[in-house]
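Chemist: The primary structure of each chain is shown beneath.
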Amino acid sequence: MKVLEASKVGLIKAGKTIWKLIKIVVPVYFFVKVLEYVQILPYISNLFSPLMKYFGLPGEAAIVIITGNLLNLYGGIAAIQAFSFTARQITIIAVMLLLSHSLPVETTIIKNLKVPRILQICIRVVTMIIFALILNLVWK
Amino acid sequence: MEIVKEFIIDFSRGIFSVIMQMVIITIIMVVLEILRSFGVIDFLNKYLYKLTRFLGISKGASLPLFIGIFIGITYGAASIIESYQQKEMTKKDVILVSTFLCLCHAIIEDTLLFMAIGANPFIIVLVRVIVAIIITLVVRFFYVRKHHTDKLDNNENELNQEIK
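Protein chains in written order, with my numbering: chain Z, 1 to 140; chain L, 1 to 164.
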């Protein structure tokens, strides 16, 4: 009886939480899909490719980082497989992408907890840059 | 036509993953509620708190933190919303836990993804956890300085020690 009652409470709570998340995440999901089909990402990546040498990465890594950040991790990983990187380069890219990825969707989820989006983006992008620089210098 | 077809396939795949997430949230919520009715949640919080107290979060915030770290950010956020409404977490806890989770979440799934393409799993997990701890402590420092809530934090700690 205790289990049944608890399950009922759990189902109601799940319904409320899901509705709260779906209201905000689905519009962002549409935005990300449109971004993927408009194919604006290669142009943005070209701007950033000269900066990649500071992280010990070739210029093509810019498209991986930009795709991973603006779309999602799966997009980033698909982009990695399109080029041939060394194991060290892949690990540095992995650290960068894991610290900062899927920004439109994930910042929306955390924004729901009243943490400002701009603060989250600053934290993630700045830590990504700082720790990728450190990793490149420390790991020879 | 080709593009339309591709879009429809892509879109239905997206809908499927959203439905999967909902099923997982429902399962987590029901399991948590059943565990709570048997008092397992209090037991878990008591032990997990020993690992997480140095981050400056209170007892009820440990379980949402661990759910987020191991299962994923969406599920972490869902259980934070739930605990906050139950008044098990303070506003400070929400800010610190969400800072930690935004840098370090779903470490099992994400690490396996990158391991599969040849990244070094130890480096990526270690860097991620250490970075998240450092940034959370920095945010805690600024939050305490802005809101002068260190005293409240101490009171909470005392309260928790009394309960033990």
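Keep in mind the hints are simulated off the structure, nothing from the lab. Check the hints yourself; a few may be wrong.
[As the list claims (entries may be wrong)] Keeping only pairs whose Cα atoms sit at most 30 Å apart, straight-line, the calculated BS3-like set for lysine-lysine is:
no. : chain 1 : residue 1 : chain 2 : residue 2
1   : L       : Lys46     : Z       : Lys33
2   : Z       : Lys23     : L       : Lys46
3   : Z       : Lys111    : L       : Lys46
4   : Z       : Lys33     : Z       : Lys8
5   : L       : Lys91     : Z       : Lys8
6   : L       : Lys87     : Z       : Lys16
7   : Z       : Lys23     : Z       : Lys140
Chemist: Check the hint pairing Lys23 of chain Z with Lys140 of chain Z against an upper bound of 30 Å on the C-alpha distance.
Modeler: Violated: Lys23 of chain Z and Lys140 of chain Z sit about 47 Å apart, past 30 Å.
Chemist: Can you confirm whether the C-alpha distance between Lys111 of chain Z and Lys46 of chain L stays at or below 30 Å?
Modeler: With Cα atoms ~28 Å apart, Lys111 of chain Z and Lys46 of chain L stay inside 30 Å; holds.
Chemist: Can you confirm whether the C-alpha distance between Lys46 of chain L and Lys33 of chain Z stays at or below 30 Å?
Modeler: Violated: Lys46 of chain L and Lys33 of chain Z sit about 43 Å apart, past 30 Å.
Chemist: Is it true that the CA of Lys91 of chain L sits at most 30 Å from the CA of Lys8 of chain Z?
Modeler: The given pair, whose Cα atoms are some 28 Å apart, holds under the 30 Å limit.
Chemist: Hint check: Lys33 of chain Z vs Lys8 of chain Z, CA-CA at most 30 Å. Holds or violated?
Modeler: Violated. Lys33 of chain Z to Lys8 of chain Z sits at ~36 Å, over the 30 Å cutoff.
Chemist: Assess, step by step, whether the Cα of Lys23 of chain Z is no farther than 30 Å from the Cα of Lys46 of chain L, and give holds or violated.
Modeler: violated (34 Å)
Chemist: If you draw a straight line from the CA of Lys87 of chain L to the CA of Lys16 of chain Z, is it 30 Å or shorter?
Modeler: Answer holds: Lys87 of chain L to Lys16 of chain Z is near 17 Å, not above 30 Å.
When held up to the earlier numbered hints, the structure conflicts with 1, 2, 4 and 7 and fits the remainder.
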